[in-house]
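Student: Position 70 (the sequence shown) corresponds to 70 in our numbering; numbering is contiguous.
Any given hint could be a false lead.
To be verified - With a cut-off of at most 27 Å between alpha-carbon atoms, the simulated DSSO-like pairs for lysine-lysine come out as follows:
1. Lys210 / Lys253
2. Lys237 / Lys115
3. Lys109 / Lys246
4. Lys253 / Lys208
5. Lys446 / Lys93
6. Lys246 / Lys51
7. Lys93 / Lys398
These aren't lab readings, by the way, just hints derived from the structure by calculation. Bear in mind the structure is a predicted one, so any value in this text is a computation, not a measurement.
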Amino acid sequence: MEINLNSNYHYLAIILFSVNIFLMKHFFYPRKRLPPSPLSLPLIGHLYLIKNSLHQSLNSLSTKYGPVLYLRFGCRNLLVVSSPSAVEECFTKNDIVFANRPPTMAGDKFSFNYKVSIWANYGYLWRVLRRLTVNEIVSSNSLQKSSALRIEEIGIVIRGLFKESKANGSSGAKVYLGSWANTYVFNVMMRIITGERCVNEEDIGTEKGKQIIEEIRTVIFAAMLILNACDFLPILKWFGYKGIEKSMDSAHKKRNEFLNSLLGEFRQKKGNISTNRNRDTLVETLFSLQESEPEFYTDDLIKGVLLSLFSGGTETTSMTIQWAMRLLLAHPEAFHKLRGEIDSEVGNKRLLNESDLGKLPYLHCVINETLRLYPPVPLLFPHYSLEDCTVGGYDIPKHTILAVNTWAIHRDPKSWDESGKFKPERFEAMEGEKEGFNYKFVPFCKGRRACPGVAMAIAQFHWLWVR
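All chains, full assembly: derive it from the sequences and hints.
Tutor: Right under this line is the structure:
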């Protein structure tokens, strides 16, 4: 019998090579221990499991697979955390690892070449924008200066409500709270930015005033989805999936025109900004910086700062105000307790001032409980890992999107008694806890990319003080 030695050597080489690969993979380069994950389908990954709102779908998956969950959305890796310990690990030990933002279509379209602080990656530009925000907008000195604006706008709202109530006589009137709250927060923000109101006092509450605010809201928030299907399945862009890209282009064009007109009108009114030593508005400050460093403080950067303020300081605040009022009206005992605290502090001869806040612990409890049940952002703005790391004992590969499910953490029965109920009193016993109530209460994120505007957001809740 003739034996083909060359053929045998060929097969032997293949077997030895395969054994070598197996040994290297499992002994020299052991497989990563990834977090629990459901069954993944080809191409789409776990997208088929998203049935309703994203934060609720992720909460259902976390309930089944655990508080550290690893998903595959199309071509993207997603780490979902929904426990205080996992959040703490992400924003302490791995804070720098997750300090960046994932590349997204929204970031490409809306960030003025990533000059908007919420989209900017961690680095020099982000630090400059952060310092500008902290020093010029939300510092204690800036908040004290803008306190008079908030009090004045609250007074205007109250006068408008009394006027509307009087016009309806004894029959009473239904008030759409959203319109009044939106007008209040947009007027405050516009006055901080330019010194002018969006809606004049005589137009507040009228159809004209509502239309003005709605037009601005549409321009600012149209097509503002942070992540969309095209980010996970880029091939969808080739087919113009649901017109997402066209909608974004159109929205950005309108947004850019709005911000350009805002800056143009201000330049026309104010003339040479640098000669004004008392810079009372943010635009004046930004134009002054532009004159000293025109290469850095470009118009795009200034528009990015303004967009951050409008998008981060209006809608979320308005929605929290509305939820707080709805919850108080639905729970008369809490409403009367809060009213009694305010009456005992200032009587009924004046509205509260911001200096009274420290003397109103129950008001703080009401605000916190509202933020717990209805966090402004149920899924925190996504973070992005640039290095491999570990969370909860699991290996997390680089280029993973981090999604913190605030909604799930705030309603976790393991952390909160009667987690679905409105009970402001629960926070009375927690005032001594540190680090964001042990990371089980994180409405504004944590770590170096935590929202810098927390103090301003709390100050905007003057609306709660109307009695």
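Student: Against this structure, judge whether each hint is valid.
Tutor: Structure-based check of each hint:
1. Distance hint between Lys210 and Lys253 is fulfilled; the C-alpha atoms sit about 23 Å from each other, no more than 27 Å.
2. Among the hinted pairs, Lys237 with Lys115 is consistent with the structure: their alpha-carbon atoms are about 24 Å apart, no more than 27 Å.
3. The hinted pair formed by Lys109 and Lys246 meets the criterion: a straight-line CA distance of about 11 Å does not exceed 27 Å.
4. Restraint check for Lys253 and Lys208: the C-alpha separation of about 24 Å stays at or below 27 Å, so the hint holds.
5. For the given pair, Lys446 sits about 12 Å from Lys93 by alpha-carbon distance, which is consistent with the 27 Å threshold.
6. For the proposed pair Lys246 and Lys51, the alpha carbon gap of about 25 Å is at most 27 Å, so the pair holds.
7. For the hint linking Lys93 to Lys398, the alpha-carbon distance of about 15 Å falls within 27 Å, and the restraint holds.
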